[in-house]
Each structure stands twice: as C-alpha cells, then as structure tokens.
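Asker: Sequence:
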Amino acid sequence: MRNLQPSRIKGRDIPPELKKWLYASGSLTQQLTDLGAGEFHVERIKEQYQRLLFADSQWMRMPHTHIAWVRETYLFGSEQQAWVKAKSIFPILSLQKKARLFKHIRNKPIGWFLFQRTNPACERRVIYLTDGWTRQSCYTWHGCKFIVQETFLPAFEQFIRQH
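In this note's numbering, the protein residues as written are 40 to 202.
Misleading hints may appear alongside valid ones.
Think about it this way: if two alpha-carbon atoms lie no more than 30 angstroms apart in a straight line, the pair counts; the simulated DSSO-like pairs of lysine-lysine are [as the list claims (entries may be wrong)]:
#, residue 1, residue 2
1, K137, K124
2, K126, K137
3, K142, K124
Pair by pair, the computed Cβ-Cβ distance ranges are [said to hold, decoys possible]:
#, residue 1, residue 2, range
4, A160, A94, 15 to 21 angstroms
5, F93, R156, 31 to 37 angstroms
6, K58, H80, 32 to 38 angstroms
7, H143, K59, 16 to 22 angstroms
8, I131, R156, 23 to 29 angstroms
To be clear, the hints were calculated from the coordinates, so they are not data collected in a lab.
Every value quoted in this text rests on a predicted model; they were computed, and no experiment measured them.
Don't be surprised by glycine CBs; every beta carbon is placed ideally from N, CA and C.
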C-alpha cells in the first residue's frame, strides 16, 4: 500500500489518536468490529449511478465521462451514533467484472468481501472534509479499480479518546 502521510493538512493537525486509524491497513470493518467488542452494522444512506468526478477518474486512470455506482453508508460500532461515513465509487467497468457483487450487498460491509482471502493493492490519501478526517483508498481487486472513502465522524473521535 502506498500512503501519503502528512501530519498537517490545510493547516490542521491530525489528532494523534486518529492518525493510526487513518493510515491503518487491512479491513476497517474488522477493526471497528474489534473496537466495538463485536458490535458493528452498516446503514445505507444512498445508492445511485452518477458520473465520475474528474479527480476520481484521474486517480483510477479512467475516462471522466464514465458512470459509476456510488454507495454512501454510515458505519456503526457499539454506540448509537455513527462512527464513520463511507462512500464507495465503483466505475461501470469494474461492475462488469467481479466487483459487480458490491452493487447487491445491501447493508453488508464492503470489507467482508474485499478482504476475504485477499489483500488488494491499495493507494491511500488522507484529507480533511467538512464532516471530519477522511481516508480515501483506491483499491485494485481482481482487476477491478474502485475508491472507498471513509470519514471518521466526531462521535468516533470522542469514543477513541475515552477508551
């Protein structure tokens, strides 16, 4: 995995307790399940087709005119408030291959399928968005490219500070 690891982004310091989560490799699903003492669930916000954003198409080396299946979810651990807001971007080209299963997983986490007996290639970048610190991962899995964006929400930061 290739990581870009700045300690400051746009004048903001990454909170030390959050840094390890932003740069962790492997399944965030499993890591959140472990942190939540076995409790974890996904709540879908929205699923739709939309045109790839230019920056996303460049990162995946795909034409910006392509359409993608975009899935937005909240990830919950052992608390009632969501810990992570996730957004997954699957270009049509990937959905025509093995990644087509991700379009039909409903409330199941992507990580259950992505890391099952595989360790996909991953490029990662960390940014700060309005909702909080975010890691964006561009995966190559069975020849399919897609982006998974995970924003760690304030409820998660508060939980890890207290535990």
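Asker: Decide, hint by hint, whether the structure agrees.
Answerer: Evaluated hints:
1. K137 x K124: With a Cα-Cα distance of about 25 angstroms, the restraint between K137 and K124 holds, given a limit of 30 angstroms.
2. K126 x K137: holds, 19 angstroms
3. K142 x K124: holds, 18 angstroms
4. A160 x A94: 15 to 21 angstroms: 20 angstroms Cβ-Cβ, so the 15 to 21 angstroms window holds.
5. F93 x R156: 31 to 37 angstroms: The hinted range 31 to 37 angstroms holds for F93 and R156, with Cβ atoms some 34 angstroms apart.
6. K58 x H80: 32 to 38 angstroms: violated, 26 angstroms
7. H143 x K59: 16 to 22 angstroms: Given about 33 angstroms between the Cβ atoms, the range is violated.
8. I131 x R156: 23 to 29 angstroms: holds, 26 angstroms
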